[in-house]
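Could you build the full structure based on these sequences and the hints that come with them?
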Amino acid sequence: MTGADLLVHSLYAAGVRVIFGMPGSHTVAIYDAIERHSGIRTILIRNEQAGAFAADGYARVTGQPGVICTTAGPGATNALTGIGEAWADSVPVLLIAGQVNHDRLHQECGNYHEIDLESILRPCTKYVGTVMDNQQIPAMVAQAFHAMTVGRPRPAALVLPQDLMAASFSPLPPGEGPGVRVLDSGNDLERIVGLLPNPLTPGPSPGGRGACTKAAALLAQAKKPILLAGGGAVWANAGPELRQLAERLNCPVITSLNAKGILDERDPLSLGHARSAKGKAATTHADAMLAVGCRFTEVMTGFRKLPVPARLIQIDINPGEIGMNHPAEIGIVADAKEALQAILAALPATTASDWSDIWPTARSAKLATSEWLIDTLRAELPDDAVVFTDASEMAYRMHTDYPAYMPRSFFYPSNYIALGWGFPGAVGAACGLALGADPAIAKPQAALVVSFSGDGGFVMTCQELATAARYQLRMIIIVHNDNAYGAIKHLQRLKFEERYRDTELNNPDFLELAHAFGIPARRVEGAASFADALREALDQRGPFLIEVPDQWRYLRH
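For the sequence shown, the numbering used here assigns the number 1328 to the initial residue and increments by one for each residue that follows.
Among these hints, one or two may not hold up.
No farther apart than 30 Å at their CA atoms in a straight line, the calculated lysine-lysine pairs in the DSSO-like style are these [to be verified]: (1) Lys1822 / Lys1693; (2) Lys1822 / Lys1632; (3) Lys1632 / Lys1541; (4) Lys1607 / Lys1693; (5) Lys1822 / Lys1607.
Distance windows between CB atoms, simulated [unchecked claim]: (6) Glu1698 / Leu1865: 19 to 27 Å; (7) Ala1854 / Thr1688: 40 to 48 Å; (8) Asp1866 / Gln1571: 37 to 45 Å; (9) Ala1695 / Phe1630: 15 to 23 Å; (10) Glu1831 / Gly1647: 36 to 44 Å; (11) Asp1443 / Pro1675: 54 to 62 Å; (12) Asp1702 / Ser1365: 41 to 49 Å.
Read the hints as simulated data drawn from the structure, not as lab findings. For each residue, glycine too, the CB sits at the ideal point set by N, CA and C.
Put into structure tokens, the structure is as follows:
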């Protein structure tokens, strides 16, 4: 057995079935072990940054850690932006990076691709470790998954010297090899382990249960309580409990971007995104708020303009988030699902909540003008379509105006906001939805994935058209083309007296670009032709690109 063999067996035991990446000279032993193991499928991407974005998209849509494998040096650092996005948005992504021979690490002796990857990756991972003895591999894989899946989900990284991956050795039984110190976040104890069991997500502590009782009393006394769901509620699968609590209180549910669809936005208790017209019509009246797994980030709050009542209850798995951006009267450090269950159990049968004077206005609220592109997209897509949006002017409008009907069905690079994320993220999601338990079996009727990008962001990662075509992924690729970095051009217009510099773009012919990869494509103008193109795309079994040329939205008449 080689070090690479033990790595692949350990990854498979941890549940890994799909790895994104591209082979390099420092990881060929790993790819050979994957080939001989046959239980893990590799998805060849054409750029490591896009590969990390794809692993991120895979994790967001499946709820399982995504994995990206890169060669040493520039391969790993190229993936760094994607790892940073996963860190900022609380997504479990594992980076497996090759490295130079272990006996020459940190010597700067002229080995190609050499660099201190641990120091580079440490700020954006919960755990990073370099294998210095192949006997460490099972424990280090276990520690990486422990870090990613216990508490707040975030990335981890394993750095694997090429000589150890190729070296043959005889593995020791679990627990007999070199130990690895693992932090048990539930008990705050350090222990030496071989392979960790599947971790349990911590529920409310005895003190936390008392806080849940107090929270129930506060909500019962409030005249107009409101529930705000964040991404933590989705990762905890707390949608049913959230809906049950809203029903008991007959109160509105608003969401952050990462929780869109946790309650079907057609549900009478849902007012959609907190910044939507419906959400804004309610938040100014709320006298108490229960925030569940929500960080109150700058973008989500409309740059700190969201009205937050003084009587704030905040549930978060990460104690550092409690009161971070708004003082919390009651803070509950726990899994969102278990905390909501405890609050429901303690909630009195009768509450003071009464939104009857606000419901009609809030439910009918809408912006004065709508976007035909967004309205047409929602009207034509099936309810279970999964939409990935890139950083762009139109996508920002979609946060509030595109209704999501299911959890894990609408995504955006919500906090790091890496331009170019949307399309490769959608590629990763399409892979996650298309692969069954047996990675060799594709499901052609898997849920449709849609990527929505501006022209600037799409060009940054458009090489992944090769990946979409290679695996015939069922996805619609929409390019909203205004020939500009629209968001930045808007800032130049508003704050710098329309002195435009380097925001107007020369673009390729996007239809010809798609055709070069063997992907059918259409260019549309207006709602009717867009709807027709969407219907054509829905009939395809593989990828389909739609270009929507559009005047820069702030210059429309």
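- Does the Cβ distance between Asp1702 and Ser1365 fall inside 41 to 49 Å? 47 Å Cβ-Cβ, so the 41 to 49 Å window holds.
- Verify the proposed pairing of Lys1822 with Lys1693, using a straight-line Cα cut of 30 Å. holds (28 Å)
- Query: Is 54 to 62 Å right for how far apart the beta carbons of Asp1443 and Pro1675 are?
  - Reply: Distance hint for Asp1443, Pro1675 holds at roughly 58 Å.
- 30 Å limit on alpha-carbon distance, applied to hinted pair Lys1822 and Lys1632: holds (20 Å)
- Pair hint Lys1632 and Lys1541, alpha-carbon separation not exceeding 30 Å: Within the cut-off at roughly 28 Å; holds.
- Message: Can you tell me whether the CB distance of Ala1695 to Phe1630 sits inside 15 to 23 Å?
- Response: holds (21 Å)
- Decide if the proposed pair is consistent with the structure: Lys1607 and Lys1693, CA atoms, cutoff 30 Å inclusive. Cα-Cα ~10 Å, so holds.
- Query: Taking only the CA atoms, is the gap from Lys1822 to Lys1607 under or equal to 30 Å?
  - Reply: holds (26 Å)
- So does Glu1831 sit 36 to 44 Å from Gly1647, Cβ to Cβ? holds (42 Å)
- Message: Verify the CB-CB distance for Glu1698 and Leu1865 against the hinted window 19 to 27 Å.
- Response: Holds: the Cβ-Cβ distance is about 21 Å, inside 19 to 27 Å.
- Consistency of beta-carbon spacing, Gln1571 to Asp1866, with hint 37 to 45 Å: Since Asp1866 and Gln1571 have Cβ atoms about 39 Å apart, the given range 37 to 45 Å holds.
- Message: Does the beta carbon distance between Ala1854 and Thr1688 stay inside 40 to 48 Å, or does it fall outside?
- Response: With Cβ atoms ~28 Å apart, the hint is violated.
In summary, the one numbered hint that this structure violates is 7.
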